[in-house]
Amino acid sequence: MAVITTLSMYIIPLLLFVILLSAIINKVPAYETFIEGAKDGFQMAVSIIPYLVAMLVAISVFRASGALDFLLEGLRPMLTAIGVPTDIVPLAVMRPLSGTGSLGVMSDLIATHGPDSFIGRLASTMQGSTDTTFYVLTVYFGAVGIKKISDSLKVGLLADLCGLAAAIFFVTIVFGNM
Amino acid sequence: MLITGLVFAMITGRMEEVNEAIFEGAQEAVTLCLGMISILVFWLGMMRIAQEGGLLKLLSRVLSPLVQRLFPEVPKEHPAMGYILSNMTANMFGLGNAATPMGIKAMEQLKELNGSKDEASRSMITFLAINTASLTLIPTTVIAIRMTYDSANPGEIIGTTIAATAVAVTSAILIDRFFHWRRVQRARAK
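Those protein sequence lines, which keep their order, are chains A and B. Taking full-length UniProt numbering, the leading residue of the first sequence gets 1, the next gets one more, and so forth. Taking full-length UniProt numbering, the leading residue of the second sequence gets 1, the next gets one more, and so forth.
Please keep in mind that the hints were generated in silico from the structure rather than gathered at the bench. Everything numeric in this text was worked out from a predicted model, so none of it was measured. Glycine is no exception: its CB is placed at the ideal position from the N, C-alpha and C atoms. Please note that a few of the clues may not be correct.
[Claimed, not checked] With the C-beta cut set under 8 angstroms, the calculated list includes, among others, these residues of chain B facing chain A:
| id | residue |
| --- | --- |
| 1 | 2 |
| 2 | 49 |
| 3 | 63 |
| 4 | 64 |
| 5 | 65 |
[Stated by the list, open to error] Not the full set, but computed from the structure, chain B residues with beta-carbon under 10 angstroms of chain A:
| id | residue |
| --- | --- |
| 6 | 14 |
| 7 | 29 |
| 8 | 38 |
| 9 | 47 |
| 10 | 48 |
| 11 | 51 |
| 12 | 66 |
| 13 | 76 |
| 14 | 77 |
| 15 | 118 |
| 16 | 122 |
| 17 | 127 |
| 18 | 136 |
| 19 | 178 |
[What the hints assert, rightly or not] Chain A regions said to be covered by chain B (calculated; three or more residues, Cβ under 8 angstroms):
| id | region |
| --- | --- |
| 20 | 17–24 |
| 21 | 62–74 |
Start from the sequences and build out the full structure, keeping to the hints where you can.
Printed below as a string of structure tokens:
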């Protein structure tokens, strides 16, 4: 554990060192180049705002209105039938929608069931193994102004489903079903 | 999604919560974006140095044979390749906030390759699919939360997480291929 923590602490400083070293070797004016590239950052963040507002307001209303709970109840028998533990269903549905939301659900599950229980381990694995599809899609496409997303959402959500199934499978064989 | 939510609120009588949710959602979005400014400014600056210093080119030359097949539309040694690779590498090391600016840069390049249309190209869909499935090697946040709840072994889920991620990414790529194939079929049928 300690090795990993130390390692991840060194990665960023090391990366910066390598980048600056390459600038010195190739005689690139580091400061001017940095300013040149960094200028775009502000503009980029601002250009994501409208996309993200639209998406987060929609998700937020969807949750508050009770529509999400309804969806959850609708999906529960289906997901339970294919072997998803009932307790994990809220996390499975929340994961692609909201990063902070699913982190909250995960912490909740770990607090109730304990981090070393089957549910606790499964929740941890699920949280770590996929990303917030809606958020990633909005940020990446929003920043460059893509409005027609083609099949992106379908691909992302189907992959999330596969990741969920894989998480259940691996946690069951590695730790056993308790 | 918004309409469904509004209709539901009418049925369930949760209008008050919904009113609050609208502005909470908007505020969260703006806060998130503002929080991203520092990260974006810093990493885009550093990435520009990496680009000018030839580091990106080096990275794409070394690793592009691996990824080339995923993005057949991106020419070798195109800057897009360098950004795609640095985004993947940053993701693998769990540097989420460094990965995002690189990913956005990659998207920018891919959009240019696609003639700057506002429609997602094949490469863009593939790239997004890989990112939503997220290649993680060390889930730092999850480990931190497990520590706070006194797990006997907070890191024990690293193995299962990597395995699940690998499946998620692989299936993302396969599903993406399938949808691409279907789009081509449809275009032909027309």
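Hints, verified against the model:
no., hint, result
1, 2, "holds (4 angstroms)"
2, 49, "holds (5 angstroms)"
3, 63, "violated (15 angstroms)"
4, 64, "violated (18 angstroms)"
5, 65, "violated (22 angstroms)"
6, 14, "holds (6 angstroms)"
7, 29, "holds (4 angstroms)"
8, 38, "holds (8 angstroms)"
9, 47, "holds (6 angstroms)"
10, 48, "holds (2 angstroms)"
11, 51, "holds (8 angstroms)"
12, 66, "violated (20 angstroms)"
13, 76, "violated (21 angstroms)"
14, 77, "violated (17 angstroms)"
15, 118, "holds (5 angstroms)"
16, 122, "holds (9 angstroms)"
17, 127, "holds (8 angstroms)"
18, 136, "holds (6 angstroms)"
19, 178, "holds (9 angstroms)"
20, 17–24, "holds (count 5)"
21, 62–74, "holds (count 7)"
Checked against the numbered hints given earlier, this structure breaks hints 3, 4, 5, 12, 13 and 14; the rest are met.
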